[in-house]
Amino acid sequence: MADSPPPTDPVNPSRNEEILPPVEQPSAGFIVQLFVIPGMIVLVIVLLWLGVSWLAHHGTHPEELVRQMRQNRANSWQLAYNFSEELRQNDLYRKDPALAAEVARFLDELLDEPLPPPSGNSLGGTNPRDQEIVRRGFLCRALGEFLVPEPVLPVLIRAASSHTGDDDLRVRLAALEAIALLIENTETRGEKGSSEILGVLLASSESDDRKIASRATIGLAAARQHEATARLIAMLDEPHHVDVHYNAATGLARLGRVEGLEMLQEMLDPEVDRGLIDESNSSEREVKRLRILLNALRATRFLASQNPQADLTSLQLAVENLLDQEENSQIRIEAQKTLQQLRDSTG
Numbered sequence: 033m034a035d036s037p038p039p040t041d042p043v044n045p046s047r048n049e050e051i052l053p054p055v056e057q058p059s060a061g062f063i064v065q066l067f068v069i070p071g072m073i074v075l076v077i078v079l080l081w082l083g084v085s086w087l088a089h090h091g092t093h094p095e096e097l098v099r100q101m102r103q104n105r106a107n108s109w110q111l112a113y114n115f116s117e118e119l120r121q122n123d124l125y126r127k128d129p130a131l132a133a134e135v136a137r138f139l140d141e142l143l144d145e146p147l148p149p150p151s152g153n154s155l156g157g158t159n160p161r162d163q164e165i166v167r168r169g170f171l172c173r174a175l176g177e178f179l180v181p182e183p184v185l186p187v188l189i190r191a192a193s194s195h196t197g198d199d200d201l202r203v204r205l206a207a208l209e210a211i212a213l214l215i216e217n218t219e220t221r222g223e224k225g226s227s228e229i230l231g232v233l234l235a236s237s238e239s240d241d242r243k244i245a246s247r248a249t250i251g252l253a254a255a256r257q258h259e260a261t262a263r264l265i266a267m268l269d270e271p272h273h274v275d276v277h278y279n280a281a282t283g284l285a286r287l288g289r290v291e292g293l294e295m296l297q298e299m300l301d302p303e304v305d306r307g308l309i310d311e312s313n314s315s316e317r318e319v320k321r322l323r324i325l326l327n328a329l330r331a332t333r334f335l336a337s338q339n340p341q342a343d344l345t346s347l348q349l350a351v352e353n354l355l356d357q358e359e360n361s362q363i364r365i366e367a368q369k370t371l372q373q374l375r376d377s378t379g
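Residue numbers for the sequence shown follow the numbering used here, beginning at 33 and rising by one.
Be careful, since some hints might not be right.
Label pairs and their in silico Cβ distance ranges [claimed, not checked]: (1) Gly197 / Ser312: 21 to 27 Å; (2) Pro150 / Ser312: 21 to 27 Å; (3) Leu143 / Ser312: 29 to 35 Å; (4) Asp198 / Gln372: 42 to 48 Å; (5) Glu96 / Lys127: 15 to 21 Å; (6) Leu143 / Asp343: 46 to 52 Å; (7) Ser239 / Pro186: 18 to 24 Å; (8) Leu308 / Leu179: 37 to 43 Å; (9) Pro150 / Asn122: 32 to 38 Å; (10) Ser193 / Gln372: 41 to 47 Å; (11) Asp241 / Thr378: 36 to 42 Å; (12) Pro129 / Glu96: 17 to 23 Å.
Hints are computed from structural coordinates only; laboratory data are not their basis. Keep in mind that this is a model prediction, so the values were computed, not measured. Ideal placement from N, C-alpha and C gives every residue a C-beta, glycine not left out.
Make the full structure from the sequences, and use the hints.
Here's what the structure looks like:
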């Protein structure tokens with residue numbers, strides 16, 4: 033995809049492609065990266081600034097960061113990022129209902145205000161409008177990190193329910209991702225607010241906007257409710273964008289469901305380029321091609337681990353075929369790991 037990404041999930045520094053992350057139990061934070069198939073160009077310069085700013089502010093107490101953000105400083109969007117990072121690394125802060133309520137009130141107040149008018153200079157995210165979008169996006173992400181859902185659910189549901197333009201859309205996408213994180217972090221599947229969460233995710237999954245529908249699949253997979261799973265299955269046969277189909281299939285694999293098996297086979301086929309239809313140049317096509325293959329391989333491993341009784345012969349053949357044709361070293365390593373797991377699962 034060529035659309036601008038929501039400003040919620042900073043990209044990790046690039047790694048040697050021979051060094052692979054360990055296979056972990058699925059979490060919503062991981063699924064945001066794994067199942068949202070991005071062909072998206074991240075605000076690289078902005079994220080570099082964020083990294084420098086995080087180092088400068090690392091260790092600042094979250095309450096102080098919130099106070100500074102409320103002063104509406106020029107770097108408030110950077111402080112929002114720092115705040116989300118502090119939360120991610122400290123369960124004591126994540127369990128603080130008063131802090132969660134304060135951040136939720138702050139975001140709620142911001143949503144009542146119109147975005148700054150567009151500016152001609154947006155290089156490096158210095159445009160005040162861009163800065164405000166980034167701030168709201170990181171505040172959504174921060175709310176998703178909390179382990180106390182009650183104070184934060186209402187504002188996240190509000191942010192995820194509507195938008196009036198492309199800029200508001202970026203905040204909506206951030207809120208949908210945050211809801212997926214919240215579901216995973218707090219296991220709100222059986223809690224009081226779960227019906228409202230499910231309603232937002234189901235409505236979003238029916239959106240004609242592929243970015244919204246794609247984000248909705250993350251939360252639906254995390255919800256692990258019958259209605260959510262049924263919706264993922266139905267999305268496979270609906271006239272969605274190919275990205276939504278792929279996300280639904282990988283989401284189902286995370287749940288150990290085989291309904292998306294044929295879609296996973298397609299994703300693993302190096303000769304199928306349906307997922308690259310929106311990429312305009314060779315470099316973007318290659319990046320997205322590799323991401324689709326990585327997503328499919330990791331989803332296949334999740335499916336094998338979650339449903340060891342499933343007949344995954346077709347996926348095993350697809351991975352073997354991929355190994356015969358693929359030259360990229362990272363893909364080959366991931367494919368070998370996946371093939372070994374498939375063989376182990378079949379005895």
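Comparing the hints with the structure gives:
1. At roughly 24 Å, the beta-carbon separation of Gly197 and Ser312 lies within the given 21 to 27 Å, and the hint holds.
2. At about 24 Å, the CB distance of Pro150 to Ser312 agrees with the hint of 21 to 27 Å.
3. In this structure the hint that Leu143 and Ser312 lie 29 to 35 Å apart at CB holds, the actual value being about 34 Å.
4. Hint check: Asp198 to Gln372, Cβ distance near 44 Å, so the stated range 42 to 48 Å holds.
5. Roughly 18 Å separates the CB atoms of Glu96 and Lys127, a value that falls within the hinted 15 to 21 Å.
6. Checked against the hint of 46 to 52 Å, the C-beta distance between Leu143 and Asp343 comes to roughly 48 Å, which is consistent with it.
7. Against the hinted window of 18 to 24 Å, the Cβ-Cβ separation of Ser239 and Pro186 comes to about 21 Å, which satisfies the hint.
8. Our hint of 37 to 43 Å for Leu308 and Leu179 holds, since their Cβ atoms are close to 39 Å apart.
9. About 37 Å separates the C-beta atoms of Pro150 and Asn122, a value consistent with the hinted range of 32 to 38 Å.
10. The hinted range of 41 to 47 Å is satisfied by Ser193 and Gln372, whose Cβ atoms lie roughly 44 Å apart.
11. The given range of 36 to 42 Å is respected by Asp241 and Thr378, whose C-beta atoms sit roughly 40 Å from each other.
12. Distance hint check for Pro129 and Glu96: the Cβ-Cβ separation is about 18 Å, which falls inside the suggested range of 17 to 23 Å.
Comparing the model with each earlier hint shows no violations; every hint is respected.
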